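Peer 1: Please put together the full structure from these sequences, using the hints given.
So the sequence shown is residues 5 to 156, counted in the working numbering.
If you're looking for bench data, these hints aren't it; they were derived computationally from the structure. Zero decoy hints are in this set.
Capping the alpha-carbon separation at 30 Å, the derived lysine-lysine pairs in DSBU-like fashion look like this:
id, residue 1, residue 2
1, K17, K7
2, K15, K130
3, K7, K130
This structure is a prediction, so every number in the text was calculated from the model and none was measured.
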Amino acid sequence: MAKRATVTVTKGKEKGRKVVLEPSTCKVIGRRIDLGSLGNDQTVIVKDRLDLREDEILKINSILLANKIGQFEDFSKLESSFRRTGDFILDDESISRLHAMVFHTGEYVGIIDLASTNGTIVDGAKIEVARLAEGSTIRLGGTSMVFNETEL
5 MAKRATVTVT
15 KGKEKGRKVV
25 LEPSTCKVIG
35 RRIDLGSLGN
45 DQTVIVKDRL
55 DLREDEILKI
65 NSILLANKIG
75 QFEDFSKLES
85 SFRRTGDFIL
95 DDESISRLHA
105 MVFHTGEYVG
115 IIDLASTNGT
125 IVDGAKIEVA
135 RLAEGSTIRL
145 GGTSMVFNET
155 EL
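Peer 2: Okay, here's the thing in C-alpha cells:
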C-alpha cells in the first residue's frame, strides 16, 4: 500500500515546519534568497519553486532513473518522471540555493544531493543519493530533519 511521506524540521530556524510528499512526486530543498542584500530599487518575485538549470534537471533525471531501474524487475512499472510540487525553501544561509531533492516513487522515498556546497548527510553519512527509512535523519547545513511515513 502506498504511503505518504513527511519530512519535519527538528533543528534550525524553521523547527517544526513540515513538508509532505505524495507518491510519484518530488521537491527541491533549498535556501531562501537573501532579500537584505538587494537594493531598495529592486523588485523580487517570490514563488514556491526554485529554478533548475538544464544540467541540474538532467542529473536529477539520470539518478532517479538509475535508482528506479535498480529497484524493479518488471520494467513496465518504471515511470519516466515525477510530478514536481512546491519546493521546500528554508531560511538557512548554510545550505545551497538548490541543495537536495526528495522523491517518492510510490514504493520508497529517496533523497539526492544536488552538488551542494556543504553536502547532504543522511543518518550520519554524507550521501549523493540515499533511500530513506522510517526515522531517517537528514542534515543540510544547520538544519536537521526527520523522515516519517504514514498509510494513505
